[in-house]
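Trainee: Please model the entire structure based on the sequences and the hints provided.
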Amino acid sequence: MPTVIFIEPDGAEYPIAVKNGTTARDAAVNNGVPGIDGDCGGECACATCHVHVDAAWIARTGMAEPGGMEANLLQFAEGSTENSRLACQITMTDDLDGLTLRIPDGQH
Amino acid sequence: MTTDTLVRDPASTVPLSRMDVSDPKLFQNDTIGSYFARLRREDPVHYCPESAYGPYWSVTKFNDIMQVEVNHQTFSSEAKIGGIAIQDMQTGEGALELEMFIAMDPPKHDAQRKAVSPAVAPSNLVLLEPIIRERAGLILDSLPIGEEIDWVDRVSVELTTMTLATLFDFPWEERRRLTRWSDVATATPETGVVSSWEQRREELLECAYYFKDLWDKRINESPKSDLISMMAHSPATRDMPFLEFLGNLMLLIVGGNDTTRNSISGGVLALNQNPAEYRKLMADPGLIPKMIPEIIRWQTPLTHMRRTALMDAEIGGKKIRKGDKVVMWYMSGNRDEEVIDRPDEFIIDRPNSRHHLSFGFGVHRCMGNRVAELQLRIIWEEILKRFSKVEVVGAPERTLSNFIHGFTHLPVKLHAH
Numbered sequence: 000m001p002t003v004i005f006i007e008p009d010g011a012e013y014p015i016a017v018k019n020g021t022t023a024r025d026a027a028v029n030n031g032v033p034g035i036d037g038d039c040g041g042e043c044a045c046a047t048c049h050v051h052v053d054a055a056w057i058a059r060t061g062m063a064e065p066g067g068m069e070a071n072l073l074q075f076a077e078g079s080t081e082n083s084r085l086a087c088q089i090t091m092t093d094d095l096d097g098l099t100l101r102i103p104d105g106q107h
Numbered sequence: 000m001t002t003d004t005l006v007r008d009p010a011s012t013v014p015l016s017r018m019d020v021s022d023p024k025l026f027q028n029d030t031i032g033s034y035f036a037r038l039r040r041e042d043p044v045h046y047c048p049e050s051a052y053g054p055y056w057s058v059t060k061f062n063d064i065m066q067v068e069v070n071h072q073t074f075s076s077e078a079k080i081g082g083i084a085i086q087d088m089q090t091g092e093g094a095l096e097l098e099m100f101i102a103m104d105p106p107k108h109d110a111q112r113k114a115v116s117p118a119v120a121p122s123n124l125v126l127l128e129p130i131i132r133e134r135a136g137l138i139l140d141s142l143p144i145g146e147e148i149d150w151v152d153r154v155s156v157e158l159t160t161m162t163l164a165t166l167f168d169f170p171w172e173e174r175r176r177l178t179r180w181s182d183v184a185t186a187t188p189e190t191g192v193v194s195s196w197e198q199r200r201e202e203l204l205e206c207a208y209y210f211k212d213l214w215d216k217r218i219n220e221s222p223k224s225d226l227i228s229m230m231a232h233s234p235a236t237r238d239m240p241f242l243e244f245l246g247n248l249m250l251l252i253v254g255g256n257d258t259t260r261n262s263i264s265g266g267v268l269a270l271n272q273n274p275a276e277y278r279k280l281m282a283d284p285g286l287i288p289k290m291i292p293e294i295i296r297w298q299t300p301l302t303h304m305r306r307t308a309l310m311d312a313e314i315g316g317k318k319i320r321k322g323d324k325v326v327m328w329y330m331s332g333n334r335d336e337e338v339i340d341r342p343d344e345f346i347i348d349r350p351n352s353r354h355h356l357s358f359g360f361g362v363h364r365c366m367g368n369r370v371a372e373l374q375l376r377i378i379w380e381e382i383l384k385r386f387s388k389v390e391v392v393g394a395p396e397r398t399l400s401n402f403i404h405g406f407t408h409l410p411v412k413l414h415a416h
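Top line first, the protein sequences correspond to chains A and B. Using numbering that gives the first Met the number 0, the letters of the first sequence correspond one by one to residues 0 to 107. Using numbering that gives the first Met the number 0, the letters of the second sequence correspond one by one to residues 0 to 416.
None of these hints come from the bench; they were simulated from the model. Every residue gets a Cβ at the ideal spot worked out from N, C-alpha and C, and that includes glycine. Accuracy of the hints is not assured; some may be wrong.
[What the hints assert, rightly or not] Label-pair restraints from in silico Cβ distances:
| # | chain 1 | residue 1 | chain 2 | residue 2 | range |
| --- | --- | --- | --- | --- | --- |
| 1 | A | 30 | B | 53 | 47 to 53 Å |
| 2 | A | 18 | B | 200 | 58 to 64 Å |
| 3 | A | 57 | B | 220 | 38 to 44 Å |
| 4 | A | 31 | B | 54 | 44 to 50 Å |
Mentor: Here it is, written out as structure tokens:
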């Protein structure tokens with residue numbers, strides 16, 4: 000079971016162990032991580048699960064594909080950077096065990 | 000339901016081939032729900048060959064709507080080929096060639112949206128919250144206890160107009176002009192709001208010139224965080240043609256005015272119709288944040304958004320042809336039992352209440368959704384501090400529109416704690 004660690008703007012950490020194949024969005028929503036609403040249900044359609052991938056991990060998660068829906072939505076999200084992803088588009092595997100995702104200030 | 004009512008009920012007797020859900024009266028008399036329920040059951044992607052707005056498709060189920068929402072390459076919002084409502088934009092007598100980013104496709108849409116979205120981004124809203132709360136409190140404190148008042152005019156319109164005036168940094172004493180322009184923007188002569196297309200055109204131009212003055216002042220000042228200043232200073236918007244400027248203004252005015260006001264009224268009505276839920280709320284005000292998205296789902300302040308197919312496509316097994324008008328009925332998708340558990344019930348602590356269609360999805364998702372939620376949360380927090388009940392004491396009057404789903408009048412009586 001890989002673990003994904005969400006870090007809130009105030010530094011609070013939420014480590015969550017999930018089954019392989021679970022998205023980081025579902026990991027957050029199903030465990031009540033504040034700041035990840037996931038309004039669209041994980042369909043890459045709303046950008047309410049915006050996270051900043053920790054620099055050490057971005058090579059492994061990859062960036063949002065330029066011109067794709069994820070990048071289209073991220074451009075309107077406050078505080079988006081080149082390390083921004085939608086958590087619904089990150090699927091947890093053993094390779095991502097320990098993945099650290101920072102929740103942007105004011106997702107609400 | 001008895002056999003008798005089934006026989007009389009046109010929603011269940013009209014042949015599907017002649018079913019036209021675009022008649023604004025069905026929304027005003029609140030019978031539209033049974034038409035949508037039948038379409039979801041019998042013909043979820045429905046073709047209406049003839050209507051006051053020409054032929055159109057109705058998409059009525061949540062997941063089919065989502066599929067249209069996220070495919071902006073196929074389903075266009077462009078004003079020149081129809082725009083975003085069942086009534087075509089930029090056609091007809093007296094129409095203004097308005098352009099606004101909600102009725103544009105990427106990439107132009109993207110640039111303009113990015114120019115104004117910081118005004119309603121969470122970091123700006125943190126600054127707005129105490130201002131909105133103070134004003135909400137003043138509105139509620141000015142209301143008489145135990146007398147019949149119109150909640151729509153005294154609270155819903157007043158609060159959303161104040162918020163909009165704040166977002167624009169609009170001259171405070173003249174803020175009701177914003178309400179008027181918002182009403183005019185979505186009006187047609189048959190609604191009685193304007194008497195002719197010519198009158199509508201004149202009032203909207205008056206609005207444009209008023210804002211042009213504000214723009215001219217702001218452009219000569221240093222940049223601020225209000226919407227006019229942002230538009231005047233952003234490279235993406237500062238050289239906008241005049242009608243595009245007016246169009247985007249109308250978008251922000253209607254978006255900020257005609258929507259949340261109806262969710263504020265709709266919440267009062269829903270709680271009165273569901274007294275057990277009202278009691279639940281009074282017993283635990285901590286439920287407010289969960290209740291807000293449920294109110295927004297329940298009300299669905301915009302009944303639909305429309306797209307135009309740029310190429311042949313398929314939705315729910317139906318062949319859509321290039322050029323077809325496709326109407327996504329959010330009101331219907333928000334009652335789809337395949338996605339929403341017990342959709343016809345108003346449940347203030349509904350799990351997963353944020354999963355609704357009222358804000359749309361994809362690149363056109365409502366830009367002001369956090370402002371809407373913020374105003375609703377604040378007004379309910381302030382209501383609960385002051386009143387043991389906002390009691391609906393007469394029949395609500397609903398808006399004559401197939402686009403704005405709202406109220407023109409909601410008589411209430413306030414009860415103190």
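Trainee: Hints first: check each against the structure and report whether it holds.
Mentor: Against the structure, the hints:
no. : hint                         : in the structure
1   : 30(A) <-> 53(B): 47 to 53 Å  : holds (49 Å)
2   : 18(A) <-> 200(B): 58 to 64 Å : holds (60 Å)
3   : 57(A) <-> 220(B): 38 to 44 Å : holds (40 Å)
4   : 31(A) <-> 54(B): 44 to 50 Å  : holds (47 Å)
The structure shown violates none of the earlier numbered hints.
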